[in-house]
Each structure stands twice: as C-alpha cells, then as structure tokens.
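2 protein chains.
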Amino acid sequence: MPETNRQVLLKRRPNGMPVPEDFAIVDAKLPEPDDGQVLLRGIYLSLDPYMRGRISGQRSYARPTELGEVIEGRVVGQVMRSRHPDFREGDIALGGYGWQTYSAVDGKGLIKLDAAAAPISTALGILGMPGLTAYAGLKTIGQPKAGETVVISAASGAVGAVAGQLAKREGCRVVGIAGGADKCAYVTGGLGFDACLDHHGELAGALDAACPNGIDVYFENVGGAVQRAVYPRLNDFGRMIMCGMIAEYNDADPRPGPSLVAAVRKRLKIQGFIVSDHAALRPEYLAMAAPLVRSGALKYREDIVDGIDNAPQAFIGLLQGRNFGKLIVRLGDDPTRS
Amino acid sequence: MPETNRQVLLKRRPNGMPVPEDFAIVDAKLPEPDDGQVLLRGIYLSLDPYMRGRISGQRSYARPTELGEVIEGRVVGQVMRSRHPDFREGDIALGGYGWQTYSAVDGKGLIKLDAAAAPISTALGILGMPGLTAYAGLKTIGQPKAGETVVISAASGAVGAVAGQLAKREGCRVVGIAGGADKCAYVTGGLGFDACLDHHGELAGALDAACPNGIDVYFENVGGAVQRAVYPRLNDFGRMIMCGMIAEYNDADPRPGPSLVAAVRKRLKIQGFIVSDHAALRPEYLAMAAPLVRSGALKYREDIVDGIDNAPQAFIGLLQGRNFGKLIVRLGDDPTRS
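In order, the protein sequence lines correspond to chains A and B. Start counting the first sequence at 1; every next residue gets the next number (this note's numbering). Start counting the second sequence at 1; every next residue gets the next number (this note's numbering).
Some clues are possibly wrong.
Because identical chains share one entry, a pair is satisfied inside a single copy or across any pair of copies.
What the hints assert, rightly or not - Within a straight-line C-alpha distance of at most 25 Å, the following computed SDA-like cross-link-like pairs (lysine to any residue) qualify:
hint: 1; residue 1: Lys112; residue 2: Gln320
hint: 2; residue 1: Lys11; residue 2: Ala314
hint: 3; residue 1: Lys266; residue 2: Asp251
hint: 4; residue 1: Lys266; residue 2: Arg13
hint: 5; residue 1: Lys11; residue 2: Ile308
hint: 6; residue 1: Lys266; residue 2: Arg74
hint: 7; residue 1: Lys266; residue 2: Leu281
hint: 8; residue 1: Lys266; residue 2: Gly53
hint: 9; residue 1: Lys112; residue 2: Pro291
hint: 10; residue 1: Lys145; residue 2: Pro291
hint: 11; residue 1: Lys11; residue 2: Ala24
It is worth saying that the hints were derived from the structure and are not from the lab.
With the hints as extra help, turn the sequences into a complete structure.
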C-alpha cells in the first residue's frame, strides 16, 4: 500500500478547449476511511463528455467542480479496507469518487460488482452510465419503431454504439455518423449499423443517400455542423434525443440553433435528458443488456489509457474526438484480468 | 338568392408579407349541389395564421393552395338547398370551404351547429379549431401543473386567450405577452391572466419581474424576438408548446433558433403539433368548454370584419398583429342574431 494518493485537481477554468495547464497533478495523503466507509483503490476511471460542464463553473443540473478540488468521475476500484458491513477487503465496486488513485467513500454509495458476470470495466461503459444513457434516451424520448430510420452521431462512442445496436434490435434502419474511416468501418462492420458517414466529409448529400426515407429519430451527441445537416432531414413527427452537443461545449457563447418553424410544421419533438433522472431504469436495462454483452450479441470497444497522469490529455482528446470507444483511464492493476 | 358566388383567389404567391395584389376577387357562377351535397351560404369565415403557409406553396402537412384556386378556410354557413339526408334548408353548419360566399359541399364533411347552445361564430374560435388547439397543446405537450408558471405569446389571440384561461384553471401563474396596452389590459382585466407584457417594450427584464420562479411552460404562437426572450428563462424540465411562429412566417429564409445546448442541460421538451392531428380530443374539449362558455367562465373576444372583399386586408392585418381577438369575416347575415 503506497503512502500517497495521486490526484488531478482543477487548477483553473478552461477557456475554450481545455489545456493541460488547467489541471494540477498532486500527491495527497492516503485517506482514512471513517465508520461506514471503505478505502477504495482505483482500477478504472471513466472519462466522459459531461465533465466539461462540471469544470466550466456554469449553473447546471449538478454542482460545478470548484478550483482546487479533485475532478469528479466514476471509478471501478477494489476495497482495501472496509468499515462498512456490506463490503470486504478485495471486493470490486463502482462508485463516484473522482480523478484520484485512492478514496475513502461511503459504503452506501457503492455498487458491488460481480467480476464473473462481465468484465468489471464494462460497469463504466456498456453496462454503466453510457449504456443506460443510450437506453433511457431511446425509451423515454426516441421510441423508434421497426422500419424507421435512426441517425446516431458519435456512433462509435460509448453512448452512440449502444444506442445504434439497440435501435437495430428494434428493426430500424440505423445510420451512424463518426469521425474518420476507421471509426466508420467499426460502426458498420463491428457494430452492425446499416451505414456510417464520416463527418469530415460532406454530410448533407451523404445523409440523403443513406436515408432515402428521411430521418425519424436523431440521437444527438454532437451538435454543430452535424446537427445542422441532420435537422432539415427530419421527417414529420421526428424526434431529436438531445443527449449531448460535445462540439459546442468549448464555445464561449452559445451558437444559434436551427429554426424552430420546422418544429411546428413537422411536429418535431426535441427533448433533452440527463441519465441521472432515469436511474430507475437501471435494473431493467441491466436485465436486458448484461446477457447480451455476455453472449457477444451487444458489442463494445474500450479505449484504455494507462496512468492517472495521462487523464488530462486523454480528456482533451475526448473533447476532440480522438478516443475510439469508451474512454477509460487505468489507475491501477485489474486483479480480475489475468 | 343571388346568381353569383364571390370568391377570393390566390393570384400570386406572396413575397414576404402578403399585399392585396396577391389576391384576386372574382364573381363566379353559383354552384349546383350534387347528390349528397348541400348549397351553403357563408355567414362567417375564419381567418387564421396557418393560411400563410398554405399560400406559400411550401411542402408542409397540408396541400398548398394553387394559383387561381379559392383560398381555403373554415366557414359557418346556412343550408340553402340540401341533397343530403342529414341537412335541411335553414340548418346552420360548420365546414371547410374557403374564402367565398357560397359553396356546394359534401354533407359528410359538415358539422351541424346548435345556435341555442352558443353563438354560432364561436364554432370558429373558442369552441372551434383555435380553442381545441389551445387544449390539445396544453394537454399533450405542456401538461402544466398547479403552481407552475406558464407564459403565452399572442395572449389576446384566438388560441392564446383560451390557453391562458385553461392554464389559470389548472392553478398556474399565467403571464401573457401581447402587442400594446389595450391588448394587455384585456388579457389581465378581461381574461384574468396574472400579468401581461407588451412585446413592444423590453421583454427580458419584464419577464424576469413577471416570472420570479422562471418559466415552466411556454405556449409559443409568435417566434422571433419573443422566443429569444422567453427561451433562456425556461426552467429545468421546461416545455415549449410549438403551436406557431407568426412573426417568422413571412421570412424568405428561416431565422436561426436558440442554441439547443440548453435543451440538453435543462432537459427541455420542445414539441410542435398541428390541431388536426388531435381531432379525437374534440368531444372532450367541447364537453368541458361549451358549458364554461355559456356560463361566461371562459371568455372570448371576436374581431369581426364585414364583407368578403375585406378578407385580404384583414388577413394581412392578422399577420401584422392588428386584429384584437378571433378574426372573422362576416360573409352574410347571421339569422341567429337579432
């Protein structure tokens, strides 16, 4: 057991795209668990687009990270010492404790993981928050029906990959949008989407060709030019699942959006959601998805970066679309992988 | 019985705001009803914002009016000759037959009106399409709850006046937006809204003052600067009932809308609708609203213009916000009013 806890703190609020100097990497004292807590050794840290909002200081659905604080994040870790009756040394658990290698966390906020059921890193991706995000957006807003056309941006990403596979299982035509030929090849060949368009190319004509019957559901993860290409192609009664707009998170001022006259004329539904509002769907999602992950019917890809010191650069890459699959930082050894 | 049928035809498609020269007023031969039809003498013609879309020729939810055709519109009229078993001479009925003084119409598309139940002109307003529009938008999209703040643009108009009164009955704080002091005085004093803001003034600060708890539901009839002032004041889980955007109907190119980043962050729902999709709600709306209209608990105001020759100018005034209440053209004598 080391004597120090390595942490990434927010040093200053990013101005536009974050840079490494916005973060400080420090060694703190190893924390002591209080009664009811456990000492968790981090194995995997999840990096996700929502974190850009937390470090911006803007009023939002969650408390922003303050300057000098450890940046928030979900971690899969191993219990090193337990002062909570439900956890024993060696247990693997999921919790939200931030960009650091160790943490003393309340046992009641931890979820014990069964390493035999699925690789423990999936609790951060396809069987975690991103998977549930895809499920909740489709179920509560998009409601795709067999035969409809569903377009998904950031299609190779942690949320988009699940959303597309779920829509395929509903019998939809599913068209992904991703950055680059490699990602597009994975989205069609690996994930089974019907088509995938490279957003570096000309999207309008490519969408027309790939969506001959227009677009019924758009799972929005990106915003910007991708949104401007998709929006005018939405059919009557089209639904926009507003999950994220990562292309615009670094803007100082909000960009204008599409004219809403079309929303009236075509009876569009444009609806935002946050996965934490839909925690109640977690059991039904896992009951459906976990067996499919085990059987290989639901596919996923992880982009694992080694070492907490690389977290800031990996996060910047995420905002630039440089990750390929669910972005995870390995904080320490995974005892379940041999 | 005259020998001619006076009609307003679409002469050319308007370029921006329509002008009288876009319309042609002609005398046609009195039509002969076929078997199953009746000859209807028009009494009241409804003028409504949706007509701007029909004469523009754009692809939309309804077939556009072609050049040289009679412009479409709902009419309350009197049966002069009947070749349909359900109608007799003298009956009062509501149908959609356009800007003309006479029409031979299929009996199956007509709704017989009971002049004793409510003034027959209300079948074009509070007990007609505009009233049902207000009801359907609130019921299927806005779903306001007691204590919430509801903002309604074009608040003295045919739809807005009903929407606000219905939201008040749900126990909401209701704030109208209208053009000018007279309309605002009517919206608060006559219709009982909690406040009404003049959109000719500075809206942002006025909205802050009138909506100290933010805005939960926005019933959108206007678009433009009013939308830009309301949108940033929507609360988390706010709903935008996209009913119309009359301020933008004469634009050659669509104007940009608001940034949708806020739709994600605040989990907004922005949803368009067209009343004809909700015809099934008509019986329940009338069962609720007709007694309230008769008792005076639901108030309405009509702006009645005399003579079909004045229809084009009245319609232009509607697009400019010059009407005050439900705009109706009196095509001929109302035998139910003494």
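These are the hints, each one checked on the structure:
{"no.": "1", "hint": "Lys112 / Gln320", "verdict": "neither (33 Å within a copy, 64 Å between copies)"}
{"no.": "2", "hint": "Lys11 / Ala314", "verdict": "within (17 Å within a copy, 63 Å between copies)"}
{"no.": "3", "hint": "Lys266 / Asp251", "verdict": "between (29 Å within a copy, 18 Å between copies)"}
{"no.": "4", "hint": "Lys266 / Arg13", "verdict": "between (40 Å within a copy, 22 Å between copies)"}
{"no.": "5", "hint": "Lys11 / Ile308", "verdict": "within (16 Å within a copy, 71 Å between copies)"}
{"no.": "6", "hint": "Lys266 / Arg74", "verdict": "between (40 Å within a copy, 22 Å between copies)"}
{"no.": "7", "hint": "Lys266 / Leu281", "verdict": "between (30 Å within a copy, 20 Å between copies)"}
{"no.": "8", "hint": "Lys266 / Gly53", "verdict": "between (32 Å within a copy, 12 Å between copies)"}
{"no.": "9", "hint": "Lys112 / Pro291", "verdict": "within (18 Å within a copy, 60 Å between copies)"}
{"no.": "10", "hint": "Lys145 / Pro291", "verdict": "within (23 Å within a copy, 41 Å between copies)"}
{"no.": "11", "hint": "Lys11 / Ala24", "verdict": "within (6 Å within a copy, 70 Å between copies)"}
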